[in-house]
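Asks: Next come the chains, spelled out residue by residue.
Number of protein chains: 2
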Amino acid sequence: MYNKTFGFSSSSIMLTDEELIEHTLNKALAHKSDLYDVLWDSMEYSVKAGGKRVRPMLTMEFAKLLKADRSAAAIFGCGVELIHTYSLIHDDLPCMDNDDMRRGKPSNHIAFSEDTALLAGDALQSLAFEIILSDEAISLVGAENAAKAAAALAHFCGADGMVGGQVIDLMYEDKSSTEEVITKIHLLKTAALIKAACLIGCIIGGADDEKLKAAAKYAECIGLTFQIIDDILDVTATSEELGKPAGSDAENSKSTLVSLLGIEKSREIAEKYTKEAISALSVFDGDTEFLENFAVKLLNRRN
Amino acid sequence: MYNKTFGFSSSSIMLTDEELIEHTLNKALAHKSDLYDVLWDSMEYSVKAGGKRVRPMLTMEFAKLLKADRSAAAIFGCGVELIHTYSLIHDDLPCMDNDDMRRGKPSNHIAFSEDTALLAGDALQSLAFEIILSDEAISLVGAENAAKAAAALAHFCGADGMVGGQVIDLMYEDKSSTEEVITKIHLLKTAALIKAACLIGCIIGGADDEKLKAAAKYAECIGLTFQIIDDILDVTATSEELGKPAGSDAENSKSTLVSLLGIEKSREIAEKYTKEAISALSVFDGDTEFLENFAVKLLNRRN
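Sequence lines, in order, name chains A and B.
0 is the number of the first residue of the first sequence in numbering that gives the first Met the number 0; add one for each residue after it.
0 is the number of the first residue of the second sequence in numbering that gives the first Met the number 0; add one for each residue after it.
Extracted from the complex, chain A is given alone in its bound form (with noise of 0.2 Å):
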């Protein structure tokens, strides 16, 4: 009746990580010429945008230490990716952040229109879920996995995840807050999503409590970090480094760690995370130096 396939075969074991993950995300965007191909386009345009694919990244990472499908967790990380699109897309929009350019590249609804790129991203999370429920992907993890890992996503991008995040970001947008509640809206609106990554890598690979705990402990600790050095940057980092207009959290008068703790303080506890971060992954027994190094590279980033 309808099913995403995704053309692994016996080469694919010689495609890169990489390489894996954009052959699975073009799969999840085929689709036969219709009335609607400008919606196609559209999501196409945003998924293609440049993205570094740091949350199927980290969903393969996890998967192999758990020694789950490659191809599966390709699957797996790309719905996270089209998840990520989608409110990417969303956030743009002008009742929201309003914001003309996305990676150096015009946003969705300037490229295509307020109303294709509102559907683009509504569509695009209803595909995600299609391709990590596909045949496919339930073949290769069993169902009981397949359905476990979709139902983090659906809770980790949903109102108790990234969009409640949103919703306390957009409400704390131009006024004053406290560390705890910025340490909330980091936690919702981008560590979340980061979890339900590296949750799903475990969750396909049938880990224990103890292996998603501390997945869970890695992603957080790495989300926060993330938002940290982002709010460092904002302040230390020209607009060119960027590739975005620096200050923008000072001229929107937005709190940041920064603004109420200064950029040395807010360098130690991203330091704090990034060593609990990593050192969470010992519980893992296979090889996690990709895991601790994309941990430093976050803390010592500089766009």
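What the hints contain is simulated information worked out from the structure, not anything from laboratory work.
Every residue, glycine too, gets a C-beta built ideally from N, C-alpha and C.
Hints may contain errors.
Each pair of labels, with its calculated beta carbon distance range [stated by the list, open to error]:
id : chain 1 : residue 1 : chain 2 : residue 2 : range
1  : B       : 285       : A       : 9         : 43 to 49 Å
2  : A       : 97        : B       : 33        : 25 to 31 Å
3  : A       : 261       : B       : 173       : 51 to 57 Å
4  : B       : 32        : A       : 270       : 29 to 35 Å
Place chain B on chain A using the hints.
Replies: Just chain B now, with coordinates in the frame of chain A:
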């Protein structure tokens, strides 16, 4: 870590289908108080804005025919209802239909704000998948059926279903179209989610392909009938009878089956679809009276 529970008990058997649906929606919307309560308030506002619960009723009726668990049918049907609700919120937004009123009450973005309404719609879509993939739903119907039902919902509410239909509808909003295009819009924009509701009731009962095809046929036929009657009433009924402005299609120069073929021919087509819908039910062994009556009721409705 997270999980929606629905508190079904032996006394749930005493509840009517309508009561069970409301109970289940209330449990789906239950949440701990938090900084983003306004988001849940906004979601609840639209879920409880007087919808007729057509989709969950259809899920429950087909589930009955397949002897699927009744509580499970309520959960899966409510998943479809949450998707329906999100689509109405997004439909009403200024960049879409820009409707200030919905069912005689201020639209979500009027009662709350545009950004909150957008995010409430986004979160309702996630919540739909969260509840139908909850541990409770999985334990009632099995992971295989739950995952398949969720995949069907994802497909039919997405780019190749409801959202695709909305895109075509917007493309032809103020220009003439053909019978073929109009039928395509109806099939995707309206019938696709009704199809999801009917199919899901069958899937959670482990229906075979013959029954799935029959349920899909029934759904398409009543979905098309619903829309044709809608277009007829837009011409023949008063705004008071409809509870919304009559004559809006003509005012928007929107092509409908009625403007292309006339009232009489359109009504004939609707009658043909209704007969086909009822005839499709013949493959089911149980009591299909409710579904037959429902098809006739859609044909003869006056508002």
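Asks: Kindly indicate which numbered hints from before are broken by the structure, ordering the numbers from low to high.
Replies: Checked against the structure, no hint fails, so every one of them is satisfied.
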